[in-house]
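Chemist: For the record, the sequence lines run as chains L and F.
The opening position of the first sequence corresponds to residue 0 in numbering that gives the first Met the number 0, with each subsequent residue numbered one higher.
The opening position of the second sequence corresponds to residue 0 in numbering that gives the first Met the number 0, with each subsequent residue numbered one higher.
Be aware that one or more of the hints could be misleading.
Stated by the list, open to error - Here are some chain F residues the structure puts well away from chain L; computed CB gaps all over 10 Å:
| id | residue |
| --- | --- |
| 1 | S15 |
| 2 | E52 |
| 3 | R74 |
| 4 | E83 |
| 5 | S92 |
| 6 | N136 |
| 7 | G148 |
| 8 | R152 |
| 9 | P203 |
| 10 | A266 |
| 11 | P272 |
| 12 | P300 |
| 13 | H310 |
| 14 | R318 |
| 15 | H330 |
| 16 | E406 |
Claimed, not checked - Computed footprint of chain L on chain F, listed as stretches where at least three residues anywhere in the stretch have a Cβ under 8 Å from a Cβ of chain L:
| id | segment |
| --- | --- |
| 17 | 163-175 |
| 18 | 274-281 |
Quick caveat, the hints were computed from the structure, so don't treat them as lab data.
No experiment lies behind these values; they were computed from the predicted model shown.
Backbone N, C-alpha and C define an ideal beta-carbon position, used for all residues, glycine too.
Protein chains: 2
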Amino acid sequence: MPDATHDPARRSWVPSANGHPDFPIQNLPLGLFTPPGGGAPRAGVAIGDAILELEEALPDGTLNALLAQGAPWRRALRARLSEELAEGSAAQSRLALRLHPAAACTLHVPARIGDYTDFYVGIHHATAVGKLFRPDNPLLPNYKHVPIGYHGRASSIIASGTAFRRPAGQLPRPEGPAFGPCERLDYELELGIWIGPGNAQGAPIPIREAAQHIAGFCLLNDWSARDIQAWEYQPLGPFLGKSFATSISPWIISPEALEPFRIAPPARPAGDPAPLPYLRDAADAAAGGLDLALEAWLVTPGLAAQGLPPHRIADSNARHMYWTAAQMVAHHSSNGCNLNPGDLFGSGTISGPERDGYASLLEATQGGREPLKLASGEERRFLEDGDEVILRATARRAGFVTIGFGECRGRVLPAG
Amino acid sequence: MPDATHDPARRSWVPSANGHPDFPIQNLPLGLFTPPGGGAPRAGVAIGDAILELEEALPDGTLNALLAQGAPWRRALRARLSEELAEGSAAQSRLALRLHPAAACTLHVPARIGDYTDFYVGIHHATAVGKLFRPDNPLLPNYKHVPIGYHGRASSIIASGTAFRRPAGQLPRPEGPAFGPCERLDYELELGIWIGPGNAQGAPIPIREAAQHIAGFCLLNDWSARDIQAWEYQPLGPFLGKSFATSISPWIISPEALEPFRIAPPARPAGDPAPLPYLRDAADAAAGGLDLALEAWLVTPGLAAQGLPPHRIADSNARHMYWTAAQMVAHHSSNGCNLNPGDLFGSGTISGPERDGYASLLEATQGGREPLKLASGEERRFLEDGDEVILRATARRAGFVTIGFGECRGRVLPAG
Chain L
0 MPDATHDPAR RSWVPSANGH PDFPIQNLPL GLFTPPGGGA PRAGVAIGDA
50 ILELEEALPD GTLNALLAQG APWRRALRAR LSEELAEGSA AQSRLALRLH
100 PAAACTLHVP ARIGDYTDFY VGIHHATAVG KLFRPDNPLL PNYKHVPIGY
150 HGRASSIIAS GTAFRRPAGQ LPRPEGPAFG PCERLDYELE LGIWIGPGNA
200 QGAPIPIREA AQHIAGFCLL NDWSARDIQA WEYQPLGPFL GKSFATSISP
250 WIISPEALEP FRIAPPARPA GDPAPLPYLR DAADAAAGGL DLALEAWLVT
300 PGLAAQGLPP HRIADSNARH MYWTAAQMVA HHSSNGCNLN PGDLFGSGTI
350 SGPERDGYAS LLEATQGGRE PLKLASGEER RFLEDGDEVI LRATARRAGF
400 VTIGFGECRG RVLPAG
Chain F
0 MPDATHDPAR RSWVPSANGH PDFPIQNLPL GLFTPPGGGA PRAGVAIGDA
50 ILELEEALPD GTLNALLAQG APWRRALRAR LSEELAEGSA AQSRLALRLH
100 PAAACTLHVP ARIGDYTDFY VGIHHATAVG KLFRPDNPLL PNYKHVPIGY
150 HGRASSIIAS GTAFRRPAGQ LPRPEGPAFG PCERLDYELE LGIWIGPGNA
200 QGAPIPIREA AQHIAGFCLL NDWSARDIQA WEYQPLGPFL GKSFATSISP
250 WIISPEALEP FRIAPPARPA GDPAPLPYLR DAADAAAGGL DLALEAWLVT
300 PGLAAQGLPP HRIADSNARH MYWTAAQMVA HHSSNGCNLN PGDLFGSGTI
350 SGPERDGYAS LLEATQGGRE PLKLASGEER RFLEDGDEVI LRATARRAGF
400 VTIGFGECRG RVLPAG
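With the rest of the complex left out, here is chain L (with noise of 0.2 Å):
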């Protein structure tokens, strides 16, 4: 239940933090950063435009362990820093001394990620997708039953702001396949899932203890080759199409900050299969869902050269995911799987129910037969050299503040 670290009336003496779109202190998003000065990554705390330093030690230069501790430690370090980074708190002059400007900082991927999944449980992406493959049966008979997933490439995430080479691989061809640079490079709008204690192997974590494993949320965007990934996916899905970069926000936004925002998962439309016990909570009917406000945006170099703002080319929200994130760590641990602190779930695309909030190129433009225009003058049908996406996500309700989870930046350099 929201508590006085969610009160609005509650201000920081870190005077940036104050009416900060993503930051306030009613946020606190702890990450793993290098101060100015250079030196070993540490943890931090995001505040305003500033990051505190925090005192934990990190025996592996990582935030794994502190993952590790689940939400009673959370809960306790969430208390401790609102009381001392709000106005009027004696500890301002000890905490000042360990304050650095965010702009100068470098944000690290904040966890040694063992494994990584990627879910599938935005319900309007895998119908919009199923349509360009299936018109009339775009749901395959196991959507509403199984949180579908795949395992994905832990090594190839890189944090917000890195650059990565557009992807080469096999292209379908009629002549046939033929090797070279992607040329349907496409973004997904997902949201990241970090992983708290987790399980012993052979030992699932019943849907009523899930949430306690979760340790936080992230913005991920799951870059796709389509063309590679068309040629390649069966029968053991993607790869390759996948595997040369996910970018995600560095910032671990922790279940207790979204508590006021936390709604029931959407309603199954008549008809729709119950879920199987294993899946089934009554506390994660009435609150696994989040209301949280998902964008993206694209900056092409015509828009950049000309001064013009980004185009907004997803306007969706987590309320769209079919499953809830508590779903699907009961799922992925039910057959015994371990569950490790670090790890990272991406929920697969999230799109909203019309044109506006499909999350993908993929969808937006129909496979490319209908493509973006741009007020440069551009188009777009899958994303150039040079582009960059943007995705942002914000949770709002009245009576509390509104907090963000900070930029998820990724930008398409050429192929090598």
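Here the structure of chain L is known, so what remains is to put chain F in place on it, guided by the hints.
Modeler: This is chain F only, laid out in the frame that chain L set:
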């Protein structure tokens, strides 16, 4: 080229090494073990029935840093140990103090596996499984162009000898899925490939350099829940049907030890497409294959109770791989995906062309329709609780000493 370390006349002062089926002085594989007295895991080399403890420090308690060293370090270590462990070596008295009886040591998964990828290069397996679903068109159109693979789960990889629980999951039923213990539990006989130095993101490994990034080989049992897999795998591939457990043999057999057993990969039948240039290399085409006998054996509670020997359930050979290990490395990195030291590849099931070489029960029992009959009077369509599968690999060639991989064992515990 074979050198003095392969000399069949070289014998060891460790008596059990001479004539040892797996670990004569010509093998010298690297592993991670805890000695009988306990303590931190350390690096060792198998020699006969003993383990020679190495002096190399392991900063993070794994072999990752040694795998990162690459071929020059590996070759120098091999040459030195081959001399020091040879009969007549002046090093005998010094090294004898660092020998441990292998049977009293604990062997571990040797590296922190950053990412695990499972390929599908056993063409007879792909054909046999494809026939079960598509009798007229068993191989998909991409198979002979693309070394098909998918991302696997690294966390649930376990060392030989670790038992695991039968997984539960969603099982397809005529009236809709039900959650329960897997009823079609299977094994898969695969070759594992350990990655050495690796590449930076965005910098693919050319095929001519790919072999330099292979640190060694092991056996891999890709346990598979066929019922869970069949229901979940569309459209994103295998997930919980695989991620409950994957067993590997603990010794890393070096490329140098296997040099005498190199062969040309199987000639592509007339009409098969030539590999695209990024997968083509003269040295790889001449000697990228391995003549390595691969076997799977089944021990059931009934066989054990009656004192009967294990039943051989597959008799195959690594020569049946359609793509070479170097082609897997070049393909995997071709999109810019970064491979890291300690990453693991599975080959995919390596079946032979005939029934006795079918290296999964799915194939050997034709999807459970034709049960195996055992000397104990038992039948097996799929694995039952208490069953144990043992994988073995043996390299033999006239004029050279036979070497083996050591066993990869795993036993099925009842569902939790």
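Chemist: Non-interface claim for F:P203: all C-beta distances to chain L beyond 10 Å?
Modeler: Answer for F:P203: violated, closest chain L Cβ roughly 7 Å.
Chemist: Far enough from chain L: is every CB of that chain over 10 Å from the CB of F:E52?
Modeler: The claim holds: F:E52 sits with its nearest Cβ about 25 Å from chain L, beyond 10 Å.
Chemist: May I ask you to check that F:R152 keeps its beta-carbon over 10 Å from the closest beta-carbon of chain L?
Modeler: violated, 5 Å
Chemist: State whether the coverage of the segment 163-175 of chain F by chain L holds or is violated, taking the criterion as 3 or more residues with Cβ-Cβ distances under 8 Å.
Modeler: With 7 residues closer than 8 Å to chain L, the segment 163-175 of chain F meets the three-residue bar; holds.
Chemist: Quick check: the segment 274-281 of chain F, covered by chain L? Criterion 3+ residues, Cβ under 8 Å.
Modeler: holds (count 3)
Chemist: Hey, is F:H330 genuinely clear of chain L, shortest beta carbon separation above 10 Å?
Modeler: violated, 7 Å
Chemist: Would you check whether the claim that F:P272 is not at the interface survives, using Cβ distances to chain L and the 10 Å cut-off?
Modeler: violated, 7 Å
Chemist: Over 10 Å from every CB of chain L: does F:R74 meet that, or does the non-interface label fail?
Modeler: At about 27 Å from chain L, F:R74 clears the 10 Å cut-off, so the statement holds.
Chemist: Are all beta-carbon distances from F:N136 to chain L longer than 10 Å?
Modeler: holds, 12 Å
Chemist: According to the definition I'm using, a residue is off the interface if its beta carbon is farther than 10 Å from all beta carbons of the partner; does F:E83 meet that for chain L?
Modeler: Answer for F:E83: holds, closest chain L Cβ roughly 35 Å.
Chemist: Is the claim that F:E406 lies outside the interface with chain L correct, judged by CB distances over 10 Å?
Modeler: The assertion about F:E406 holds, with a minimum of 21 Å to chain L.
Chemist: Just double-check F:P300 for me: nearest Cβ-Cβ distance to chain L has to come out over 10 Å.
Modeler: Given that every Cβ of chain L is farther than 10 Å from that of F:P300, nearest at about 20 Å, it holds.
Taken one by one, the earlier hints fail for this structure at numbers 7, 8, 9, 11 and 15, listed in ascending order.
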